[in-house]
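Novice: Here is how the chains run, residue by residue.
Number of protein chains: 2
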Amino acid sequence: MSIFFYGCITLDGYLADKNHGLDWLCQTGTTEETGYADFYRGMDITLMGKRTFLALAQMGDPATVYPTTQNIVFTHTALDQEGFTAVSGDPVDFVKGLEQDKNIWVVGGNTVLAPLLEQDMVEHIILQVAPVLLGAGVPLFSQAEGLKRFRLEDVRRYGAFAELVYSKP
Amino acid sequence: MSIFFYGCITLDGYLADKNHGLDWLCQTGTTEETGYADFYRGMDITLMGKRTFLALAQMGDPATVYPTTQNIVFTHTALDQEGFTAVSGDPVDFVKGLEQDKNIWVVGGNTVLAPLLEQDMVEHIILQVAPVLLGAGVPLFSQAEGLKRFRLEDVRRYGAFAELVYSKP
Chain A
333 MSIFFYGCIT
343 LDGYLADKNH
353 GLDWLCQTGT
363 TEETGYADFY
373 RGMDITLMGK
383 RTFLALAQMG
393 DPATVYPTTQ
403 NIVFTHTALD
413 QEGFTAVSGD
423 PVDFVKGLEQ
433 DKNIWVVGGN
443 TVLAPLLEQD
453 MVEHIILQVA
463 PVLLGAGVPL
473 FSQAEGLKRF
483 RLEDVRRYGA
493 FAELVYSKP
Chain B
333 MSIFFYGCIT
343 LDGYLADKNH
353 GLDWLCQTGT
363 TEETGYADFY
373 RGMDITLMGK
383 RTFLALAQMG
393 DPATVYPTTQ
403 NIVFTHTALD
413 QEGFTAVSGD
423 PVDFVKGLEQ
433 DKNIWVVGGN
443 TVLAPLLEQD
453 MVEHIILQVA
463 PVLLGAGVPL
473 FSQAEGLKRF
483 RLEDVRRYGA
493 FAELVYSKP
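For the record, the sequence lines run as chains A and B. The number in the working numbering is simply the position in the first sequence, starting from 1, with 332 added. The number in the working numbering is simply the position in the second sequence, starting from 1, with 332 added.
Read the hints as simulated data drawn from the structure, not as lab findings. Do not take every clue at face value.
[As the list claims (entries may be wrong)] Stretch by stretch, here's where chain A covers chain B in the computed footprint (C-beta under 8 Å, at least three residues):
| no. | segment |
| --- | --- |
| 1 | 338-349 |
| 2 | 452-463 |
| 3 | 473-483 |
| 4 | 492-501 |
[As the list claims (entries may be wrong)] In the DSBU-like style, the derived pairs of lysine-lysine whose C-alpha atoms are separated by at most 30 Å in a straight line are:
| no. | chain 1 | residue 1 | chain 2 | residue 2 |
| --- | --- | --- | --- | --- |
| 5 | B | K480 | B | K500 |
| 6 | B | K350 | A | K480 |
| 7 | B | K480 | B | K350 |
| 8 | B | K350 | A | K350 |
| 9 | A | K382 | B | K428 |
| 10 | A | K382 | B | K480 |
| 11 | A | K350 | B | K434 |
| 12 | B | K382 | A | K500 |
| 13 | B | K428 | B | K480 |
| 14 | A | K480 | B | K428 |
Small disclaimer: the values here were computed from a predicted structure and weren't measured. All C-beta atoms in this analysis are idealised placements derived from N, C-alpha and C, irrespective of residue type, glycine included.
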């Protein structure tokens, strides 16, 4: 089982603005230049919170965005969206319950990422840092206090974005 | 007048741990490899908060750390340290009151940086990102809400650190 976080944050560490909007991030650069297509091709499952799903749904048909993965939304309410499955449990329990070895992409948000970080289950962190300060918003990192070391694998530049690639040591 | 922030942060955006300790950061990599010597040579004035000064003083003689700059500590109490001047006013007012064009390095902490960011007075942000999560501590960015765009000038790697270089557009 390999768990990846891959996504954009601002220089001040926000995943999204206070209204959970993501538009400003995608406007800053072009995804065509990045390694996203290769990354996505390697993934089997996506995990996301309800608010990430809703932000995605606002931008178009979610099924066309993540067409080849099994897509899990952690929510206590039902979901009427082809290609997406509502799961009411905990991300840690869900991952531990998977029987086969899978590549899992944590799309967002921090309520999904935090428990997985706390359990040292996140193997790869790939961040595109947008050249923007927001001063408020939804932070990527909200895990409990605790020193966790990673290994810097690579530093790249895609236009206005700096991409930082980390793995568990 | 050019104002620079130059310094280490964790992957989750902390300048220091909850006790304002900085040791863990410097242990991660070697400063010899970086552009620090060239950077410091170009600076005329350093600005820092009282807690940054105290953390510095704990690590040795502050005068030997910043020997060629004029060093300003924002504090309401007196300071008995050669080479360092206590200033009880506001960082913004202090900088605006300088008569000559100077290169100013904001060493830390966030209470000094935040008002300068809010006034769009910070021209250069140079971050060394340590491959570490803390989960709690003193955040670098604590400025008020507001979208601020920077231009990514360079992305470098120094050992375990990723260095991101930004300027005002």
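Novice: Could you run down the list of hints and mark each one as holding or not?
Specialist: Consistency of the hints with the structure:
1. With 3 residues bearing a CB less than 8 Å from a CB of chain A, the segment 338-349 of chain B meets the requirement of three and the coverage assertion stands.
2. Only when three residues or more bring their CB closer than 8 Å to a CB of chain A does the claim for the segment 452-463 of chain B stand; here the count is 4, and the claim holds.
3. Only residues whose C-beta sits within less than 8 Å of a C-beta in chain A count toward coverage, and the segment 473-483 of chain B has 10 of them, enough to reach three; the restraint holds.
4. Beta-carbon proximity to chain A at under 8 Å applies to 5 residues in the segment 492-501 of chain B; the threshold of 3 is reached and the given coverage holds.
5. Annotation: proposed proximity of K480 of chain B to K500 of chain B holds, straight-line Cα distance about 9 Å (limit 30 Å).
6. Proposed proximity of K350 of chain B and K480 of chain A is supported: the alpha carbons are some 15 Å apart, at most 30 Å.
7. Proximity of K480 of chain B to K350 of chain B is assessed by CA-CA distance (about 27 Å); at most 30 Å being required, the pair is judged to hold.
8. For the hint pairing K350 of chain B with K350 of chain A, the CA-to-CA distance comes to about 25 Å; that is within 30 Å, so the pair holds.
9. With a CA separation close to 47 Å, the supplied pair K382 of chain A and K428 of chain B exceeds the 30 Å bound.
10. As the CA atoms of K382 of chain A and K480 of chain B are separated by approximately 28 Å, the hinted pair is consistent with the 30 Å bound.
11. Only pairs whose Cα atoms come within 30 Å are accepted, and K350 of chain A paired with K434 of chain B is rejected, the gap being roughly 37 Å.
12. Straight-line distance between C-alpha atoms of K382 of chain B and K500 of chain A comes to about 36 Å, which puts the hinted pair past the 30 Å bound.
13. Proximity of K428 of chain B to K480 of chain B is assessed by CA-CA distance (about 21 Å); at most 30 Å being required, the pair is judged to hold.
14. About 41 Å separates the Cα atoms of K480 of chain A and K428 of chain B, which puts this hinted pair outside 30 Å; it is violated.
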